[in-house]
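Please build the complex by placing chain X with the ligands on the supplied structure of chain G, with the hints as guidance.
Number of protein chains: 2
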Amino acid sequence: MLLEAIHHQPKSQYAYAYDEETLHIRVRTKRGDMDQVSVVWGDKYDFTPETITTSKMEVFAKDTLFDYYHVEIKPPFRRFAYAFKFEKGKKTVFLNEVGFKEDEMHSSGVGMLWSPSGMFEFPFLNPIDVHTPPEWVKDAVFYQIFPERFANGDPTLNPPGTEAWTPDAVPTRENFFGGDLQGVIDNLDYLEELGINCIYFTPFFEAYSNHKYDTIDYLKVDPQFGDEKKAKELVEKAHERGIRIMLDAVFNHSGYYFPPFQDVLKHGEKSRFADWFHVKEFPLQTDPLTYDTFGFVPAMPKLDTENPEVKAYLLEVARYWVEDIGVDGWRLDVANEVDHRFWREFRDTVKRANPEAYILGEIWHNSLAWLQGDQFDAVMNYPVTNSILDFFVKDEIDAENFMGRLDQMMIAYPKQANEVAFNLLDSHDTPRLLHIADGNKDRMKLAAMFQLLYLGAPCIYYGDEIGMDGGGDPGCRKPMIWEKDHQDHELFDFYKKLIQLRKDHRALRDGSFRFLSASKGAKYISFERTHGKDRFIIAMNTDTKQHDVNVEDVAKGKFRNIDTGDTYTVKNGKFAVSVPALGAVILKEE
Amino acid sequence: MLLEAIHHQPKSQYAYAYDEETLHIRVRTKRGDMDQVSVVWGDKYDFTPETITTSKMEVFAKDTLFDYYHVEIKPPFRRFAYAFKFEKGKKTVFLNEVGFKEDEMHSSGVGMLWSPSGMFEFPFLNPIDVHTPPEWVKDAVFYQIFPERFANGDPTLNPPGTEAWTPDAVPTRENFFGGDLQGVIDNLDYLEELGINCIYFTPFFEAYSNHKYDTIDYLKVDPQFGDEKKAKELVEKAHERGIRIMLDAVFNHSGYYFPPFQDVLKHGEKSRFADWFHVKEFPLQTDPLTYDTFGFVPAMPKLDTENPEVKAYLLEVARYWVEDIGVDGWRLDVANEVDHRFWREFRDTVKRANPEAYILGEIWHNSLAWLQGDQFDAVMNYPVTNSILDFFVKDEIDAENFMGRLDQMMIAYPKQANEVAFNLLDSHDTPRLLHIADGNKDRMKLAAMFQLLYLGAPCIYYGDEIGMDGGGDPGCRKPMIWEKDHQDHELFDFYKKLIQLRKDHRALRDGSFRFLSASKGAKYISFERTHGKDRFIIAMNTDTKQHDVNVEDVAKGKFRNIDTGDTYTVKNGKFAVSVPALGAVILKEE
Ligand SMILES: [Ca+2]
Ligand SMILES: [Ca+2]
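Chains as they are written, first to last, in my numbering: chain G, 1 to 590; chain X, 1001 to 1590.
You may find that some hints are simply not true.
Stated by the list, open to error - For the chain X half of the interface with chain G, some residues (derived, Cβ under 7 angstroms), not all of them:
1) Leu1002
2) Lys1011
3) Leu1065
4) Ser1108
5) Asn1126
6) Ile1128
7) Asp1129
8) Glu1281
9) Phe1282
10) Ala1369
11) Asp1390
Keep in mind the hints are simulated off the structure, nothing from the lab. A quick note: this is a predicted structure, and the numbers were derived from the prediction, not measured. Where a beta carbon is used, it is the ideal one built from N, C-alpha and C, also for glycine.
Chain G on its own, in the form it takes in the complex:
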């Protein structure tokens, strides 16, 4: 046994409450090292050889180095003490808080009353601390709209110098095409046909630029897009069709033309807004910068969210759009650069306005510190984005590495955060998927298929579904192509069909996920998704030649290819399926 590989941390993503009565306990070992791993547990005030239980754990994720074990326990008094038992051949090792010991559990020092000394503890499951994201997100398929570029429904609002909305229009950092909220309302039929049920809007509040991340007034719709009445109309008409709306909260920084910042520019330290920003030295200067900004962008001064006035202002913004306008969630821009205390109050404010609102952090990195139940429901799942791109699109990693990187996300957060993770493949911040795939539509489709059949809520960037192309900003921000003969209808149907499949089967939404094959050096994978009696096995091949994929370690059953009708029967826990070059096979249990 490699003791150095074993890892557990109490009260973390390795030991947390999944709901008001269930604890999830996890432990890491070297990959393939153990015959059996168990949790030995009992009530913390009644932990004796007679009262303890041994619960076997299962491997639920693995990577190149490690196996990750998991077990679900419902302790009768919502509290428990525990240790781990590792078995390999004739060797048995226990781990508790004091450390490793062969054949028996450590005790140490002077224990507390009836409680054993040295056990790990989950001291008490208080419902208010449980991380409970809104259920509806498990069923959500998002569609991201960049409002200036989706549809122009009201030419009277067009800003001066608006350019022509043509299929070959060229976006620049500065130009405008006249997209607006009426344009979105006019095209709800289109979105409903595609099958999406939640729109994520990048900002539509009053701002200077075309991307609107440089807010002037957080309580006002930008006049080029419409007004608050129009926003409310949009929300209501979307809701009528079962489509929810998520807005973009840019609270890390304001725009240059945000009146409080203008006031500080003008009056310096005498401004009544002087402490709304992080000013190192007055007067404000841009070179060298005398105030904190987003990145090194002078036009995006960082707001001081520790200042109670700033906080009160932004929290009122958060409340207003949810309670008065009726939006269903907030995506939080640059979420990890704002203080944790702000986000805790933000959560309280938003959930008070609507307990079912979705709070989604924009974090490109490990986000455990925000996913404990007190801050965000979930984060934009960039580590999964990158893994999908590296495997299916860029052909840079093998199947084992792909599995490892995805499974690491399974252990990175509590399960409920992964169930509502926001899985995107591209956005207004990155090149478009088809561009990353160098125009290879097969690779693009493999990536999208995996995204749509994986755990977490998928998000489609507007226009991807009709074959829009474009590199990083500004290339990825072309006006939506509405001319039918410029749209890729085959691709649209591909997205539509997969979205429908996901909607039809809970197994493909919040069912369990498990890799069945993902070998070192291989360019193909298979995985299983299960919910109750609903079970799918999907095999995908990123190689440029056909492969027979051996599906292993599967419970018995008979599967049918949903496209061809071919059937497969599990024998001795396995079967083989031929998967075409750059193709995939979706099998459903009969």
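Quick look at chain X with the ligands alone, frame taken from chain G:
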């Protein structure tokens, strides 16, 4: 290199803000595995080969399996991206968020703007999130008083049936001896002479039992102890002598005679306090229990701290004693069974009343989840208690194991939490130290010496310093012995001298701590404590025979034994010091 042994978690005790400009970055490796470990870092929005810095890390803690590396970094823009570089012989391996890679850093997918893809990140150091315990605790020496048993200063308050306060009095679970607040005031001279500067009182609020953990009225001093005026007098007289006061907040559960609980007993679900507790079924019954309790104790019903009314009541209690009476801290009973949200609001309330108040959780286990800056300043450091007892008193573990268990606490929490940890050796909940040592005063003194010379705030349980004895509750709760000829004066002087030494030298309070010798199988250790030019080396021997302790890996210097005056000079980074059986040598650099 054993990759399986390497561990890092962003935004955790492995990567945190120590103050408003300093980050601490840590990583774990297999013990003795690496030649060199470094952090490679740069601004997250300007991370290029030209702008990155490589900072060497140092081993700051170790145990039987692992080395723990540490480095302090002050990123100019309070944010950074980083990776680790491991070197061994000719091999170099990098670790970032994507994983391990030889000779170069991984990148993956599509990065964000100027930011590198796949690096670890400390996204932004927001001052309000920094864990900042009160500075004074670093200088504190606590003295724990169980009010019923310290001194009887006002016989008119004695409860009916009060027993005689004699050196051979026998405490039971039920009897009373008449201790009170006046008794403490009368003996402040004594405490000042001993040298302590903070009193930790177990509860003195109105309650039924002699231990007062079954509260009846949280806003009232128990009439047997005095009243609120007397409490205020005590606080003021203590403050005049530089002695602070910490009270015991029993907020997990109330007493059986707490009026709201009595109301629920009487009126069942019609009581207006029906939802102040965790009632599973009305009417209340004790067998089987139909309501949640502390442990399985029917007389201690668990309070529902999620209920806004309960919360408001308890927060007012927290505020009142700090703001109106002037106490300096709260010790939180059964702290880990109360919800995290309650403790966050508790912290805000208490720190608003007095930003310098100390918030100390009673947790016997790993407490990382409470020590991130939003809840407690520190916890009762039972893992250190147990390690000291196992090594010095019970002779159950060797020096290497002792070092490992102590050093694991160094990596378990952010440094600032360890600097103000509450280090006790015994209490009203455990047998007395002399009892655990089976009457062996030499072992008791070794344990106390280590406690008084270690990082964190030591606490002496009343009477230990004059040789009081007694097993677990009720044995450890004898009335304080005031008769001079029944007191151990040599022991008192031993404590007094060590407390003075600690007070005289910052190195012994919040200086760095490092084991110099702690070998497998050995019964002796040595360690170094340093602050600026103030440096001590202490060698301690738990064996029943003399040992020459080899002190190794020491910076050059000349040391003097503070008792004998013998001098020692470092040669080639080492020297040897003879330490008597069950004895210790304290060396101070000249
Ligand atoms: Ca328009
Ligand atoms: Ca009395």
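Against the structure, the hints:
With a least beta-carbon distance of about 6 angstroms to chain G, the hint placing X/Leu1002 at the interface is held under the 7 angstroms criterion. For the restraint placing X/Lys1011 at the interface with chain G, the shortest Cβ-Cβ distance is roughly 4 angstroms, inside the 7 angstroms limit, so the hint holds. Annotation: X/Leu1065 was flagged as interfacial toward chain G, and the flag holds, the nearest CB pair being 5 angstroms apart, inside 7 angstroms. For X/Ser1108, the shortest C-beta to C-beta distance to chain G is roughly 4 angstroms, which falls under 7 angstroms, so the interface hint holds.
For X/Asn1126, the suggested interface contact is upheld, since its CB lies about 4 angstroms from the closest CB of chain G, less than 7 angstroms. The beta carbon of X/Ile1128 is positioned within 7 angstroms of a beta carbon in chain G (closest approach about 4 angstroms), and the interface hint is therefore held. A hinted interface residue such as X/Asp1129 counts as satisfied when its beta carbon comes closer than 7 angstroms to some beta carbon of chain G; here the least separation is about 5 angstroms, so the hint holds. The beta carbon of X/Glu1281 is not positioned within 7 angstroms of any beta carbon in chain G (closest approach about 15 angstroms), and the interface hint is therefore violated.
Against a cut-off of 7 angstroms between C-beta atoms, the interface hint on X/Phe1282 is violated, since the closest Cβ of chain G lies about 19 angstroms away. Below 7 angstroms, beta-carbon pairs count as interface contacts, and X/Ala1369 has one with chain G at about 4 angstroms; its hint therefore holds. Look at X/Asp1390: its Cβ gets to within about 6 angstroms of chain G, closer than 7 angstroms, so that hint holds up.
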